[in-house]
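Here the protein sequences come in this chain order: A and L. Using the working numbering, the letters of the first sequence map in sequence onto residues 1 to 287. Using the working numbering, the letters of the second sequence map in sequence onto residues 1 to 284.
Simulated from the structure, these hints should not be mistaken for lab results. Hints may contain errors.
Subject to a maximum C-alpha distance of 27 Å in a straight line, what follows is the list of computed DSSO-like cross-link-like pairs (lysine-lysine) [what the hints assert, rightly or not]: (1) A/Lys-234 - A/Lys-59; (2) L/Lys-109 - L/Lys-182; (3) L/Lys-182 - L/Lys-208; (4) A/Lys-276 - L/Lys-109; (5) A/Lys-94 - L/Lys-16.
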Amino acid sequence: MPRRFHITLPLVCFLTPVLLWLVLMIVLPHVDLLRMSLRVEDIEGNVSWGFANYLNFFKEPIYWLTFVRTAVYSIMVTFMTFVVALPVAFYITKVAAPRFQGFLMMLLLMPFWVSELVRVYGWMILLRESGVINHFLTRLGILTQPIEMLYNDVTMVMGLVYTSMLFMAVPLVSVLESLDDSLIEAAYDLGANMGTILFRIVIPHAMPGIVSGSIVVFMLTLGNYLTPNLMGGKNSLWFTEQIYNQFIASFNWNQGSAFGFLLLVLSSLVIWVGLKLTRQKLSRVVQ
Amino acid sequence: MIRSLPNSRRYLYSYKLYMGLYFTFLFAPLVVTCVLAFNDSQFPALPWKGFTLEWFTADLPHRVGIFHDRMNLESIWVSAQVAFFVTILSVTVGTCAAFLFEQEEFPFKPALYFLMLSPLVIPGVILGISILLFSNTLGLYCETRWGLDVPLFRPGFWLVVLGQFSFIATLVTLVVSARLRKFDRTLEEAALNLGANRFEAIWHITLKFLRPAIVGAAAVAFLMSFENFNTTLFLTGSETTLPINLYLQVRDGSTPVINAISFLLIVGTSLAAVANLYFSRKQE
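Make a model of the complete structure from these sequences and hints.
If you want it as structure tokens, here you go:
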């Protein structure tokens, strides 16, 4: 049954700016992205339409390998972020003395108020060949010669985990806060061990938080440019760098649009599958 | 296991060790960056050569502190202006959206709500290139059709503002909606019964109630805009914002001036965070 509604002045006043925002800044630009990705321009400047830009993507192994690599690493980073953040969230909500909780929460949030660039820069001066860690290790005689710890995959993954930590920890804390302690107590009294409690009580209860954290972390990692670029160095091969190169370096906007659209499809697809697998809804997860 | 259950000493100690390591991991890069801002050396690295404030105050040929560094100061100013306009725009539109989705009924509401959420799952880089492409298309159209050259459609200040606004408005909407949901609508009805029209009721009653959420959302919007990199990267023109400017410097080799800027950012945002926490506690 259609809902009854009237066109009233307040409705018009609220709807107009929102429609302008969503249509002009979200819908039309993405339609244009799709349109431009189908546009093919040859050397003489003749324009035709077709899937050539997408075919290029599949023909050049470097493109689709980078794409797969980015996707796999992003999923890995999401999982690692979860594994690191869960004990932290559990400690703050369930183990720490209540009077420290506020303080610990503030400590947890503080670094993320600072720009991502500053944090990545901090890691760079810690890890590079002339960096602080190398300085101490050579001083202590553990290393005879400083080694380059930046510009490899392990460092890059660590940097990505670091960067996105907050977006996993906060939803986990808020979801674990609502977990009734007596459930854990009951399980303990009935003889459950830690593994059982973790997998049968804590994780099922935390599922909405895990899903929303994972979605945000995955999306941010997939779309990250700074961390792979600065910590992964020349061979970080992150897909956003391919997009950047097409747009800024080669000035091939049509190819870049095709890459951008593929990345958008990938991120939407993984998020959609994640939501379906865990039976969550996007509108519930974001709250 | 948890507070109320008996825990072995080993469990508690190893858990505390884990938390200690975690917070070291969290703070190490920030602490190192801050400390090296005061090192009397040409490079942001150890060994420690003595304490100096020159990376803030100096104006020497070989060493220019941040307070005399024209380029970086200008980019800070650009970032502040961008953040100001983004905050105004996204708070206005976000609050409208909150009222729209919480209090109004209209066809296709769920679809529009879904669309409003979508910037949360669109990577910032994609948002940046889409808006760049679209504005370019519009610019070309205006030029070929009317022979008009519209500066708004070229990469630059206003395009950066619009690009950041497009996703920050979603966050404002969510924050304000959450508070609006707790609002007792009978208060508005009382105002209407007493002869106010809908806008007077909203202005005098509802917005007063929403004020903490709006102030909080504005602070977050300002900060997110000030620090945004991904979307801005594609939309910026000749006036670069601070994160882009810092990125270019870090990529091409760094000096302790960057540490000095980082130090100011860290101190500034920490103070803002503490103030925000203090005021939100006081509200409750």
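Exercise for the section: Quick one: which hint numbers does this structure break? Sort them smallest to largest. Expected result: none
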